[in-house]
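Assemble the complex: chain L is given as a structure, and chain P must be docked to it using the hints.
Which chain is which? The protein sequence lines are L and P, in order.
Counting from 1 along the first sequence, just add 14 to a position and that's the residue number in our numbering.
Counting from 1 along the second sequence, just add 642 to a position and that's the residue number in our numbering.
Keep in mind the hints are simulated off the structure, nothing from the lab.
Quick caveat, the model's predicted, so the values are computed rather than measured.
Everything hinted at is true.
Computed list of lysine-lysine pairs in BS3-like fashion (alpha-carbon distance at most 25 Å, straight line):
hint	chain 1	residue 1	chain 2	residue 2
1	P	909	P	802
2	P	650	L	146
3	L	139	P	650
4	L	146	P	909
5	L	233	P	909
6	P	802	P	905
7	L	233	L	146
8	L	86	L	66
9	L	233	P	906
10	P	906	L	139
11	L	146	P	905
12	P	906	L	146
Covered stretches of chain P (in silico footprint by chain L; criterion: 3 or more residues with CB under 8 Å from a CB of chain L, positions within the stretch not fixed):
hint	stretch
13	749–757
14	763–772
15	847–853
16	871–877
17	891–898
Heads up, incomplete: computed chain P residues facing chain L, CB under 8 Å, no partners named:
hint	residue
18	760
19	856
20	880
21	883
Glycine included, every Cβ here is placed at the ideal spot set by N, Cα and C.
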Amino acid sequence: MLNYILKRSLSLIPLLIGITLISFVVIHLAPGKTTDILTNLNPKVSLEARAKLNTIYGLDKPLFTQYKDWVKRFIRLDFGQSFLDGRRVSDKIKERLPITLSINIISILLILLIGIPLGVISSVKQDSLTDKFITIFVFIGFAIPSFWIALIMMDIFCIKLGWFPALGMVSLDFEDFNFIGKAIDISRHLALPIFIYVFGGLAGISRYIRQSMIQILNKPYILTARAKGLEQNVIIYKHALRNSLLPIITLLGLSIPGLISGSVIIESVFAIPGMGRLFFESVMARDYPVIMGILTIGAILTMIGNLLADICYAYADPRIRYQKL
Amino acid sequence: MKELLNNKPLFIGALLVVLMFLVAILAPIISMHEYDAIDSESILQPPSPSHILGTDQLGRDVFSRMIYGARVSLSVGIIAVGISVLIGILFGAMAGFYGGIIDKIITILIDIMLCFPVLFLILSIVAILEPNIYNIMIIIGLTSWMGQARLVRAEILSLKEREFILAERVLGASNFRIILFHLLPNAIGPVLVSAVLGVASAILVESGLSFLGLGIQPPTPSWGNILSDAKSSLGVAWWLSAFPGLAIFITIISYNLVGEGLKKYLK
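Isolated chain L (complex conformation):
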């Protein structure tokens, strides 16, 4: 097992180099210098001051040296300072990241909790009315643009009916609440965004479970189980479902970039102060250090997610562990 983890982690090195290289190249596609935004609109900035800024940001050095310096600082999690407010990029990300991560983790758990039973029901009652209904339901969730359903739900539930607060993550008088009040307040704010994440994510899991359960339910060992006279529920949950659960680990790993991407849109619509919204604001303001930091962190999070998924999979399935990498 240790051997596997080691090998798998080593294979990340070229990925890491590639991720940093691409992030770096993307930002340096920019015509002009990244400090222009600080200087161009300000006629008072002298040529000397510009040169000094360029030295501070290292823009007078050759590109490769700039990349090396950037990576060196990156390893210490130092992404420089935001152009917007001069705060350290790592601090800005640090206060936003937990929000995005927790929303995503809650959504993933709910997707599993709802999607797996839906898939099982679909497969057991294959081609029945229930199956068709579930298929259409999850397909609508998959095809509906998240920003559209966000607007519609906001219109209905926040403005017309007033059941949920429309914007932000906490109310203005949040500090006055006791612990339970705070928890209720946050969940009221996050109910709609999380619903939208979950509705959009159900299709992947439930379709997969349906497909693989249908295959498994036709296998001889299930027939044996039936012949033994086992109960239907035992056959489905103990014998069949267990075998289709494994690949879900990989499926989850693969869904991470999509969820992180989605956070840009959902967090912007609902004004949730997470990493997605920070990224959106930085793009609007051309705040390059923050953009670069979040872009790289987003990619590395995905990479780590995939690594964890692979390790879990190998832990659960020895066939993978002993395979040659």
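Showing chain P alone in chain L's frame:
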């Protein structure tokens, strides 16, 4: 032909897609108003016989803006996917055919690209380049070729050792000829399916970008930026958010139906 008619998803999907194209092409004939005609007399009017889908904050006809928006969304979707298919075929064919170090490099490049949350990568580039329709097409194309490349690579890898390729070699065919005329045609099916599904996701990305204000810029209409305008009239003008979103939703469903139908048909 009969098989096509029996293939319900393909039939319904194709019908909707063709309809959408007709609307986009005939936009000047169908629209009863100029899409950018500002009319201060009829601001935020609900749907009525003269404005069948209502008007927006500037009194522009939503229906006309939507059918011109269809032009934008469909062309962005198709050209972006065209770019991604070309890149995917090029990289996939090189990796699958030549193997060795070329394959390794391309495979790692694919893995690296797949690590980036797509919207993050696209928005970073948009922050640098100006968001206009051509840049959006190119950026979406450049960030969505990985699936195509993997498909083509796998297909070529499985075929290149077969006898008919050996026969071509004996006949003295060049590598280029073998790839183009003998290997790639076998990959057309899966590539086509994933391209059709790709159009749906490209349209979704484009409208998402426009919705955020970082895609197609007004006054050019796109479904996404009409929805973006709807944000400020939420609770006042339901038609502004309902119809463009419905258009995106139906488009995505129809391309997915065509994709699923094709998959079934090719089997």
